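Visitor: Please construct the entire structure, taking both the sequences and the accompanying hints into account.
Top line first, the protein sequences correspond to chains A and B.
Okay, so the first sequence: first residue is 668 according to this note's numbering, each after it adds one.
Okay, so the second sequence: first residue is 1085 according to this note's numbering, each after it adds one.
Simulated from the structure, these hints should not be mistaken for laboratory data.
This structure is a prediction, so every number in the text was calculated from the model and none was measured.
Note that beta-carbon positions come from the ideal geometry of N, C-alpha and C, so glycine has one too.
You may find that some hints are simply not true.
Said to hold, decoys possible - According to the in silico footprint, chain B covers these stretches of chain A (three or more CB under 8 Å from chain B):
1) 681-690
2) 707-718
3) 732-744
What the hints assert, rightly or not - Over the 10 Å line for every Cβ pair with chain A, so calculated as not near, a few chain B residues:
4) K1091
5) I1092
6) V1109
7) P1112
8) G1123
9) A1133
10) T1148
11) H1155
12) P1160
13) A1173
14) V1218
15) A1222
16) T1223
17) Y1225
18) E1227
19) R1229
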Amino acid sequence: MLEAKPEMPMKAPLTCLIVDDSAFMRFHLRRMMDSFDNVIASEAANGNEAIREYGRLRPDIVLMDIVMPGLEGVETVKRICTEDPKARVIMISSVSYQEKVAEAMSAGAKWFIPKPVTTEELRRAIQSVLSDN
Amino acid sequence: MRLDFVKIFVDSTAVLFRELVGPAVDVPSISMKPSPVAGREVMAIIGLAGEAQGRVIFDMDLFTAVQLAGHMLGEPSPGMTPLVRSSIAELASMAIGSAISKINDGGTRLRMSPPTVITGANLVSYDQCFETLVAPIATAYGEVRVNITIQDLD
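Guide: This is how it looks when you write it as structure tokens:
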């Protein structure tokens, strides 16, 4: 008689929503996230899509651009964080002047990385944001 | 023409290109023209608005665009695919975004539009009435011309 193997404790995957109107940035960030261990990444190409996907997926982390056509990043973060104050959003933008960074943080973002982002910067930001909660 | 801003745009673009495309990036000369000099096969256009207004046009040959994008993507591209277009748009966006950030931190409110990429033969820009500063940026994959028009609001 075969004995059932004891179940190995599985670490839950980190879920991530990548929000950027640029297909290049979504490709680039997804590749970075894929290089980390045990990550499931989803994508949204604009603010409205991001809000819809956030509600559906409730990801652990959101990577959010600022300059997007239609609903831009800061307003999108505000709406996501109103809906879920525990949302962990990392802004990744080429527009990184002090006032815009402050606006993003007061909208609810937990971290800001200026573009171009490196894998190491992204890893550090994710670790920091996850350890804060 | 806000030459102080123009310098920030050119410097930020050169720094960004060096970071993303490699160290062999040079800006050999900068010249003032009565209108944009942009007629190559690929153009990335970004509008500027706020306390000043204007436009930045990056133009380059198709070969250069495909090679630059291939470098950014870390893999060669077969031609002008949607991902190549997006890479060129993002390259322009990051360069101008960096400049915009410095200008805003200096006290002038300026914002940028998302980039538009246009491709085709014999492209012509019809901003004929605006003085334009043209900075050719030499890269390992060919030249990218940066056409900058920026003026204070009257």
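Visitor: Hint compliance check: list the failing hint numbers for this structure, sorted ascending.
Guide: 2, 13
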